[in-house]
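Numbered according to our numbering, the sequence shown terminates at residue 311, and the numbering increases by one at each position without gaps.
Watch out, some of these pointers could steer you wrong.
Computed spacing ranges between beta-carbons, pair by pair [unchecked claim]:
#, residue 1, residue 2, range
1, G168, A251, 26 to 34 Å
2, N64, G183, 32 to 40 Å
3, M301, S238, 37 to 45 Å
Because the hints were derived from the structure by calculation, they are not lab data.
Glycine included, C-beta positions come from ideal geometry on N, C-alpha and C.
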Amino acid sequence: MFQGFYNLTSGILYQTRNLNVIGNNMVNSGTSGFKPDRMVSTTFRDEMLFRTGNRNKNNASQLGSVSMIRASRSTVTNHDQGAVEETGGNLDFALTNPGFFAVRNFAGNQVYTRNGSFTVDDEGYLSIPSLGRILGEDGNPIEISSDHITVDRDGNIYEVPIKGLGTGEDGDTNEEQEPVLLGKIRVVDFADYSQLIKGDNGSFTTAAEGTVADGGIMWKALERSNIDPIEEMTQMITSQRASQSAAQVLRIYDQLMSKASNDIGRV
45 MFQGFYNLTS GILYQTRNLN VIGNNMVNSG TSGFKPDRMV STTFRDEMLF
95 RTGNRNKNNA SQLGSVSMIR ASRSTVTNHD QGAVEETGGN LDFALTNPGF
145 FAVRNFAGNQ VYTRNGSFTV DDEGYLSIPS LGRILGEDGN PIEISSDHIT
195 VDRDGNIYEV PIKGLGTGED GDTNEEQEPV LLGKIRVVDF ADYSQLIKGD
245 NGSFTTAAEG TVADGGIMWK ALERSNIDPI EEMTQMITSQ RASQSAAQVL
295 RIYDQLMSKA SNDIGRV
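Please model the complete structure; the sequences and the hints are all you need to start from.
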């Protein structure tokens, strides 16, 4: 009977954390480029084998079937492509191929994201307000000196002179000036996504060296989250009911233990 307490308690702990993961997915369902997580569980026996390095399961003793959260990786991320929606926003970018935008965060570290909802910060650099500055192909932040820009599929950002205003340095009118290259958005991809560590605001960090990739950048569009709200709601209801069932059985165990102790005491 005591074993049942351990099994049910571990199940409740797992479902509580699972609900937190599902809740985070649902909260970020409207975040551009967000990728949902799923909890990974195993048995106590398998977790002990993993931690101790004993891979010979045939000779291992049965330690129990208690549900455990995997220590090595508690969640896995679904990196499937999300739907691309045209927004018309001048600083909206979507990746249609595998890869990530490279960002220098406020701590000076390089992180990666699929969120293409950019803006221009107070110093004139292309950035994500909650994350940091977008890096160019040269590894430096991209400075945007004008709102009059055009972007090609490779991520090259050009400043387009306003027609009929002023003259260039050589005396030519703006109609005769060529667009000026401001920078090229850096897109990085990784061979093994399991090495990516999820951070805040839909970002990822990793010690692995990424390779420059063709992200298939679409201008004036955003990649929506690949979260299925119906699936998330179903998972939440399932997890809640599993937790409630375990709690009810725990109460029954407690009543049986109390009754057994009292009756045995009378005998």
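Now the hints, each set against the structure:
{"no.": "1", "hint": "G168 x A251: 26 to 34 Å", "result": "holds, 31 Å"}
{"no.": "2", "hint": "N64 x G183: 32 to 40 Å", "result": "holds, 36 Å"}
{"no.": "3", "hint": "M301 x S238: 37 to 45 Å", "result": "holds, 43 Å"}
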